[in-house]
Amino acid sequence: MKKDIFKVAGKILKSRLIVGTGKYKSFSETAKAVKASGADMVTVAVRRVNILDKKKPILTDYLNPKKIIFLPNTAGCFNSEEALRTLRLAREMGGWKLVKLEVLGDKKTLYPNMLETIKSTKTLVKEGFEVMVYCTDDPLLAKKLEDNGASAIMPLASPIGSGLGIQNKVNISLIIKQSKVPVIVDAGIGTASDATIAMELGCEGVLINSAIANAKKPILMAQAFKDAVISGRNSYLAGRMNKNYFATASSPVKGLI
Amino acid sequence: MAKIQLNGKKVIIKPNYSLFNLLEKYKLAGKKVAIEHNGVIVPKINYKKKKLKNNDKVEIVHFIGGG
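Residue numbers (my numbering), protein chains in the order written: chain X, 1 to 257; chain W, 1 to 67.
There are no misleading hints in this set.
Once the Cα atoms are required to be at most 27 Å apart in a straight line, the calculated DSSO-like pairs of lysine-lysine come out as: (1) W:Lys57 - X:Lys55; (2) X:Lys14 - W:Lys32; (3) X:Lys144 - X:Lys119; (4) W:Lys31 - X:Lys67; (5) X:Lys14 - X:Lys67; (6) W:Lys32 - X:Lys56; (7) X:Lys56 - W:Lys48; (8) W:Lys32 - X:Lys66; (9) X:Lys54 - W:Lys3.
Source of the hints: derived by calculation from the structure; they are not laboratory data.
Go ahead and model the full structure; you've got the sequences and the hints to work with.
Here you go:
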């Protein structure tokens, strides 16, 4: 059998689970959860340094960017200008070219503003970035992103941090079928089985933050997601049986006494 | 002395102060940070060369946890 390789923007990742690093109680918990998840890529945000407290620990004291791939994001950006500024700073910080773009359109739903997202993708690709793009689950817009050079399409399962799971399996499937770049479900996954469903649909990967960080035992949940993603991928590769309306006996009828 | 805006806060610095001096003051030299000086991103190699003037606006950013 051909080896099952997960490749994004030329980078081979061992794990199909990408995890976010927000919302944890402490950096130590973040580091433990990342380890338990088996992820080799994590998303990080770009923010002002706290100049009032020089001794406060920082993320890079706990997660080493040399050992784990940092994927800088533009969380909290509501227009193209803010997103571009953030990612240009991220690139200067450590030469990161591979980035996750998200341009939000509404504070209550954190739904992506696709007009600004497409505009930003164009500019970033022109500037030499490799852009993984958070987007709506609209197949036409996903195609538009791919045509404009996105390295990965990252449709939402449901609103960020909602834990509602995949609300539109049909759209996610349509996006998977038409895309030549990896499709990674991002946002809204609530529990491990949601990730399995995403993988069974044929997603190349999933990105999880809140579902792990907000679990009662985040480290155990990170482990659960690791297994769920592996199971879902294997199930997809194995190819599920056909659905039938009527029963088919599992035991042979021949030789029945 | 010069008065600058650092990450939105007023900070008084000595004359002839460079961005590198500013990083040292906040124990950030050699750390993974990026600097924007009056709206323009400054490449790392220019930190020592770039001197600060009165009313300059400086943003120093780093990576934090995020989804």
